[in-house]
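Colleague: Take a look at the letters that make up each chain.
There are 2 protein chains.
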Amino acid sequence: MAGGSGLRFWPASRAHRPKQLLSISSDRPLVVEALERLAPVIGPVRSGRQLIVAGAQHRDQLLEVCPELTEGQLVIEPCPRNTAPCVALAALHIAQRDPEAVMIISPADHHVAYQEAFTQAILRAVEGARRGALVTLGVSPNRPETGYGYIELAGEIEGGGERLSPAGGGEVGARTRVARFVEKPSSEVAQRYLESGRYLWNSGVFVMKVSRLFEELQRQLPAHWEALERIRESMGTPAYGRALSEQFSSMRSISLDYGVMEGASEVEVVPVSLGWSDVGHWAALRELYPADSQGNVCVGDGHICLDAQDNVIYSVGSRAPQVALLGVQGLVVAHSPEALLICKVDESQRVREVVEALKARGDKHLL
Amino acid sequence: MAGGSGLRFWPASRAHRPKQLLSISSDRPLVVEALERLAPVIGPVRSGRQLIVAGAQHRDQLLEVCPELTEGQLVIEPCPRNTAPCVALAALHIAQRDPEAVMIISPADHHVAYQEAFTQAILRAVEGARRGALVTLGVSPNRPETGYGYIELAGEIEGGGERLSPAGGGEVGARTRVARFVEKPSSEVAQRYLESGRYLWNSGVFVMKVSRLFEELQRQLPAHWEALERIRESMGTPAYGRALSEQFSSMRSISLDYGVMEGASEVEVVPVSLGWSDVGHWAALRELYPADSQGNVCVGDGHICLDAQDNVIYSVGSRAPQVALLGVQGLVVAHSPEALLICKVDESQRVREVVEALKARGDKHLL
Chain C
1 MAGGSGLRFW PASRAHRPKQ LLSISSDRPL VVEALERLAP VIGPVRSGRQ
51 LIVAGAQHRD QLLEVCPELT EGQLVIEPCP RNTAPCVALA ALHIAQRDPE
101 AVMIISPADH HVAYQEAFTQ AILRAVEGAR RGALVTLGVS PNRPETGYGY
151 IELAGEIEGG GERLSPAGGG EVGARTRVAR FVEKPSSEVA QRYLESGRYL
201 WNSGVFVMKV SRLFEELQRQ LPAHWEALER IRESMGTPAY GRALSEQFSS
251 MRSISLDYGV MEGASEVEVV PVSLGWSDVG HWAALRELYP ADSQGNVCVG
301 DGHICLDAQD NVIYSVGSRA PQVALLGVQG LVVAHSPEAL LICKVDESQR
351 VREVVEALKA RGDKHLL
Chain D
1 MAGGSGLRFW PASRAHRPKQ LLSISSDRPL VVEALERLAP VIGPVRSGRQ
51 LIVAGAQHRD QLLEVCPELT EGQLVIEPCP RNTAPCVALA ALHIAQRDPE
101 AVMIISPADH HVAYQEAFTQ AILRAVEGAR RGALVTLGVS PNRPETGYGY
151 IELAGEIEGG GERLSPAGGG EVGARTRVAR FVEKPSSEVA QRYLESGRYL
201 WNSGVFVMKV SRLFEELQRQ LPAHWEALER IRESMGTPAY GRALSEQFSS
251 MRSISLDYGV MEGASEVEVV PVSLGWSDVG HWAALRELYP ADSQGNVCVG
301 DGHICLDAQD NVIYSVGSRA PQVALLGVQG LVVAHSPEAL LICKVDESQR
351 VREVVEALKA RGDKHLL
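Top to bottom, those sequences are chains C and D.
Oh and the first sequence: position 83 is 83 in my numbering, straight run, nothing missing.
Oh and the second sequence: position 98 is 98 in my numbering, straight run, nothing missing.
Excised from the complex, chain C in its bound form (with noise of 0.2 Å):
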């Protein structure tokens, strides 16, 4: 799924050039870390069985930073929809090869530390898929984190499987019953989650067979399963474009989290360490590179913290200013060629509020 536009990393994510499509958490774009991280399991891009689903306005920086890929792996969505649709599009792809493929669907802008803990946990779900569950990765927290979603666990599937420790790192449990799926949470409820051990965070990274997400569809989300159906009639002939505009762009917004798994029957969930961050905003850096002895988070060469603590600071590429910061705590400094922001690292996801304001000014070749 690489339809986001992640304007909460401007500066540096623009219209143009979205949040997967940059080297935030490595010198990789983010999208070429989720195909590499899937690759153990399905292969390389070249074997063609991934697909990437994305806006046409992407689709060239795509083949540019994925030069494997084939056009036939790109399925472009007329417009964003949210993953419901989004998946069910990729999944009409795969079901014309395949009506019986397990199906990994994963976030192009993530971020994940612990391959190898990677792999056995998407195997790990696999297996349940095989048998028909609608199965995601959830992350052991180590913080009351307030920006992301969680899983609440019911019981084990299997026997044996053990409660992941707080700090680990590439641990991977037992499959388990999902109880439900919960929404961002204030800091108390938070807090309460992450003492009771019964809470995982929402990785945005579920896998399924194309078949038992077609049922679920049809049951739960009618309309949008005739739209599909539609689409899916047109599919190899030349009435797909029209049809897949028509019908795309009909279906509502709606999330697969709860549009498909809320209510879906045998839903499980594979607890895993990860070290894995969804990279949501600039502060998110201080998740992915180690500080210095002052706090300091400097991606980029040359850069200079004097008397500065607790700072993030992200001016990359060769033509990139080195930074100097005297003095100061807890900013975020963000370079792009056109823009520079600072802010603080706290309020970082207040960036938004700087994208507005270049929309209400007509700034539009910043944004």
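It cannot be assumed that every hint is accurate.
Since the list gives no way to pick one copy over another, a pair counts as held whenever it fits inside one copy or between any two copies.
Cut-off 25 Å, straight-line C-alpha distance, at most; resulting in silico cross-link-like pairs (SDA-like, lysine to any residue) [claimed, not checked]:
(1) K359 <-> V299
(2) K364 <-> D301
(3) K344 <-> G295
(4) K344 <-> A283
(5) K344 <-> D307
(6) K359 <-> A12
(7) K359 <-> G4
(8) K344 <-> Q73
(9) K364 <-> E195
(10) K359 <-> Q309
(11) K359 <-> S293
These aren't lab readings, by the way, just hints derived from the structure by calculation.
Dock chain D against the given chain C, drawing on the hints supplied.
Modeller: Only chain D this time, still in chain C's reference frame:
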């Protein structure tokens, strides 16, 4: 006097691009502003009546930013020796044309808002100089500044001089005898100076006859005078270059204020309110530019301050990024293509620490 290095404007100012060559207070380099400021009294640059004293490493850039300047108007200092040797060297060159000439001495890197008052003040100072006085311009203080030297007033020379109004812009007082020059004061002392009404800021602008300067040098700085005599003997001969480099570097570093003015006879000051600034460090931009309603001073196009107060932004040029400040207070954000400085406005004098750190780690390309 264009010999300064001005590293306090790092990263805009650099060893190869000192402050006087930068466009800080307007769209023209400070040295060009200084030449234009004097033109109403001494004529345009092509009149040949201006001499610029500078280091050899800045010769080409000076000729570039002042295209009317001829090579003959550039007096090269072999090394920096503070202002007394600098002024004396220029005086030797002037004396060759006219030993009784009145010389106007000005820093190349200051800013003056009120041109007309400056012209009137210089003309009034020239009157005093013609009568044999060593005259300085003293700026009427509007705040208890601790970053400037002060001049204490003695009695007025002509009647009718009025005390300048503290917030005045463009007033010129009567020529007044100087009681003494004082170094940068503590803030308590600066407050007393301000309240007394008997102290002016030392502007670094001096007006005197070349012959009177020579008298004072001979009397107060005899070793310097001896070296200057050697240089004078060599002028116009092939021996000049060697004599200059040997004799000039043999002189002790000393300022004109303390080496000559402090101990001279007939020292006068013309009080003036000029909208003057020595453009000493980044915080000085607050004196040079109007602030927005939130107290932010923005130099360069298109910057955005959202819920941000009392910041100073300097990012100029067609390829400089637009700066977006969100929720931050009292910061300096200064951009150059190679480096970016962020510090507190109140601590902008600490930028030397960054320069020292760069030296220490051998980062020569940023010096």
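Colleague: For every hint, state whether the structure bears it out.
Modeller: The hints, checked one at a time:
1. K359 <-> V299: between (28 Å within a copy, 22 Å between copies)
2. K364 <-> D301: between (30 Å within a copy, 15 Å between copies)
3. K344 <-> G295: both (14 Å within a copy, 19 Å between copies)
4. K344 <-> A283: both (9 Å within a copy, 21 Å between copies)
5. K344 <-> D307: Close inside one copy (17 Å) and across copies (12 Å); limit 25 Å.
6. K359 <-> A12: Intra 17 Å, inter 31 Å, cutoff 25 Å: intra-copy only.
7. K359 <-> G4: within (18 Å within a copy, 44 Å between copies)
8. K344 <-> Q73: This pair counts as neither: shortest intra-copy Cα distance 40 Å, inter-copy 51 Å.
9. K364 <-> E195: For K364 and E195, neither the intra-copy (46 Å) nor the inter-copy (52 Å) Cα distance is at most 25 Å.
10. K359 <-> Q309: between (33 Å within a copy, 22 Å between copies)
11. K359 <-> S293: Between copies only: 21 Å across, 39 Å inside.
Hint violations for this structure: numbers 8, 9, all remaining hints satisfied.
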